[in-house]
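Asker: Heads up: take any position in the sequence shown, counting from 1, add 196, and you land on our numbering.
Because the hints were derived from the structure by calculation, they are not lab data. Bear in mind that the values here come from a model prediction, so they are computed numbers and not experimental data. One should not assume that every hint holds.
Across the chosen pairs, the derived CB separations fall in these ranges [as the list claims (entries may be wrong)]:
#1 Gln368 / Val239: 43 to 51 Å
#2 Ser245 / Glu347: 41 to 49 Å
#3 Val267 / Lys216: 19 to 27 Å
#4 Asp249 / Phe218: 40 to 48 Å
#5 Lys216 / Glu263: 18 to 26 Å
#6 Thr320 / Leu251: 44 to 52 Å
#7 Gln229 / Asp299: 48 to 56 Å
#8 Gly207 / Ile345: 23 to 31 Å
#9 Gly357 / Lys216: 21 to 29 Å
#10 Val239 / Pro338: 26 to 34 Å
Note that the Cβ used here is the ideal one computed from N, Cα and C, for glycine as well.
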Amino acid sequence: MLDSIIFEKLGVPAAAIVTKPFVATCNALAELQSMPGYRFVQVEHPITSLTLDQLRSRARQAAPYVEALLVDGVPWPVDAQGTVRPGDKPTEPDGALDALIEDLAAGLRADGADLTGSYLDARTVRLVLHIPDQACAECIMPATHLIPIFEMRAAEHLGPGVQIELDDPRLQH
């Protein structure tokens, strides 16, 4: 894991493969290396006691996820258009999308708004701005200002290259 982080800091794409019991340790290591939210491939534990055939099977299962990290910078396999390949559903490792939405929504709640969201595809998150009291609508920054802020925060939570689509009720007629 540390090698992958060092390579990434040097600009060399890398993908760490970690068994599930070590996920918390790897997340802590990534934070200590100033790379919180660093993505890695999680596989079932154990590895060392597997037969060669079992190990090959586990490697085949992990390969699309390693490729996605190295080539596309996303934690799940995508096709050429950036959409999730059939049978490969986006995951939300460690609740990263939920954490992003909560992080963004916390600032909006002070102004009487809220936020929900979901993945549209592997590289796009659709966020929906909720403004229950229209008297508060002017208190909230315009979408043109929110989107760049949201994309910067998405990169912190979900990794680079994630785009935000914002459904803002103030823009609907």
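Asker: All the hints need checking, so say for each whether the structure fits it.
Answerer: Evaluated hints:
1. Hint check: glutamine 368 to valine 239, Cβ distance near 44 Å, so the stated range 43 to 51 Å holds.
2. A C-beta distance of roughly 43 Å is found between serine 245 and glutamate 347, which places it inside the suggested range of 41 to 49 Å.
3. Checking the proposed 19 to 27 Å range against valine 267 and lysine 216 shows it holds: the Cβ atoms sit about 24 Å from each other.
4. Taking the beta carbon of each, aspartate 249 and phenylalanine 218 are about 24 Å apart, not inside 40 to 48 Å as hinted.
5. In this structure the supplied range 18 to 26 Å holds for lysine 216 paired with glutamate 263, their Cβ-Cβ distance being about 20 Å.
6. Our hint of 44 to 52 Å for threonine 320 and leucine 251 is violated, since their Cβ atoms are close to 35 Å apart.
7. The supplied range of 48 to 56 Å is broken by glutamine 229 and aspartate 299, whose beta-carbon atoms lie about 21 Å from each other.
8. Between glycine 207 and isoleucine 345 the CB atoms are about 26 Å apart, so this pair conforms to the stated range of 23 to 31 Å.
9. For the pair glycine 357 and lysine 216, the supplied restraint of 21 to 29 Å holds, since their beta-carbon distance comes to about 26 Å.
10. Restraint check, valine 239 to proline 338: a C-beta distance of roughly 44 Å breaks the suggested window 26 to 34 Å.
Of the numbered hints given earlier, the model fails hints 4, 6, 7, 10; all others are met.
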